[in-house]
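*Asks:* Combine the two chains into a complex, taking the hints into account.
The chain contents come next:
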Amino acid sequence: SQTIHQWPATLVQPVGSPLSLECTVEGTSNPNLYWYRQAAGRGLQLLFYSVGIGQISSEVPQNLSASRPQDRQFILSSKKLLLSDSGFYLCAWSRDRGEKLFFGSGTQLSVL
Amino acid sequence: DAKTTQPPSMDCAEGRAANLPCNHSTISGNEYVYWYRQIHSQGPQYIIHGLKNNETNEMASLIITEDRKSSTLILPHATLRDTAVYYCIPQDSGTYKYIFGTGTRLKVLA
Numbered sequence: 001s002q003t004i005h006q007w008p009a010t011l012v013q014p015v016g017s018p019l020s021l022e023c024t025v026e027g028t029s030n031p032n033l034y035w036y037r038q039a040a041g042r043g044l045q046l047l048f049y050s051v052g053i054g055q056i057s058s059e060v061p062q063n064l065s066a067s068r069p070q071d072r073q074f075i076l077s078s079k080k081l082l083l084s085d086s087g088f089y090l091c092a093w094s095r096d097r098g099e100k101l102f103f104g105s106g107t108q109l110s111v112l
Numbered sequence: 001d002a003k004t005t006q007p008p009s010m011d012c013a014e015g016r017a018a019n020l021p022c023n024h025s026t027i028s029g030n031e032y033v034y035w036y037r038q039i040h041s042q043g044p045q046y047i048i049h050g051l052k053n054n055e056t057n058e059m060a061s062l063i064i065t066e067d068r069k070s071s072t073l074i075l076p077h078a079t080l081r082d083t084a085v086y087y088c089i090p091q092d093s094g095t096y097k098y099i100f101g102t103g104t105r106l107k108v109l110a
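Chains as they are written, first to last, in this note's numbering: chain A, 1 to 112; chain B, 1 to 110.
Hints are computed from structural coordinates only; laboratory data are not their basis. In this text the structure is predicted, and so the values were computed from the model without any measurement. Glycine included, C-beta positions come from ideal geometry on N, C-alpha and C. One thing to keep in mind: the hints can contain errors.
Derived DSSO-like pairs (lysine-lysine); straight-line CA-CA distance at most 30 Å [stated by the list, open to error]:
1) B:K69 x A:K100
2) B:K97 x A:K100
3) B:K69 x B:K107
4) B:K69 x B:K97
5) B:K52 x A:K79
6) B:K107 x B:K97
7) B:K3 x A:K100
8) B:K97 x A:K80
9) B:K69 x B:K52
10) B:K97 x B:K52
11) B:K3 x B:K107
12) B:K52 x B:K3
13) A:K100 x B:K107
14) B:K52 x B:K107
15) B:K69 x B:K3
16) B:K69 x A:K79
17) B:K97 x B:K3
Stretches of chain B that chain A covers, calculated by requiring three or more beta carbons in the stretch to come under 8 Å of a beta carbon on chain A [said to hold, decoys possible]:
18) 44–56
19) 90–99
Here are some chain A residues pointing at chain B (derived, C-beta under 10 Å) [said to hold, decoys possible]:
20) I4
21) R68
22) E99
23) F103
Just chain B, same shape as in the assembly (with noise of 0.2 Å):
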């Protein structure tokens, strides 16, 4: 299964654009990228996901890049209710685990 790398924290502003890096160099042919987020004492709740293409729904933005080694969310417009710790998780269409790694703690600021 592929590694995710992401920052441990950021800030950003509220209605402002929020975009969260996510490395994956390892990633597999097979694996989508999955990106969750966890609002403090509540499960985690799933966002978006992507194979090669980008990606867009009512919640949020998902750029793959090129080669598939990075991606980025983007919430195009912040906002306090969206502060929480954001996952990437390349997923395996093959497997049944899901590894979740530490996230990036996103703090929106008013």
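Next up, chain A with everything else stripped away, as it sits in the complex (with noise of 0.2 Å):
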């Protein structure tokens, strides 16, 4: 069966400091790899996508950066936290486009 590993779970970040937070998905090949973000109390804000090895899609411009070095790796990058970094940041894959999306259990990441 497929499974989602998110890590890690919380994360305390002083402002300024750079992030990294790792996403791996197991028991399928070649999926489809997302990353949001929820701000406290809001919506799913969809940041990247990625429908293979390299190729990434950007949807909304902000100190964040995604790479997808292995075909089951998605990556969430910033080089220097802002305070507006802060919320709770989820992976999500799925198997083709349009089919139901698998999420992880988050990263709540505190920027202070």
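*Replies:* See below:
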């Protein structure tokens, strides 16, 4: 069966520090991968998605970047965190376009 | 992509049916209606989806109007564990992007 792993579960970082969040999917090949962010009390905002290794589509201009170095690995990064980067970050995958999404358990990021 | 309108919040008594409406009047013929729910501090979970016909699975039933402009998710016997935010998302089978709205916050009351 397929599983998605996302870590860490919680993270507290100072303003100006770098960020690296990792997501891996097991049990499937060539998944479509997604990063979402959810600010406190708000809906989910699509940040990036990837349909293959090295292919990244950015949805919202911001202080973040994404990379997909391997088929089932998706990384969210920042060189210098801002206070506004705080939020709940979720990784997700789907088998193909238009098919249902499977989400990870999320990372709660607090930038202080 | 079709936009959706959902009530921001609803209450339901435990053991009763919860009926969550969604308006998607601009939905296109290629777009399925997907429903997800998000329990506090967790990732969203897929519930059910449909195109034209009503659908039922172990979690819920989905009723789609004949003109496809609205749908209703039915939790037949709501429990306290069904307290969550429920998202209705029209999804085109040809697109990679999944756009979530703000959903309906369902509170199941004991």
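*Asks:* Which numbered conditions among the earlier hints are violated in the structure presented, ordered from lowest to highest?
*Replies:* 5, 16, 21
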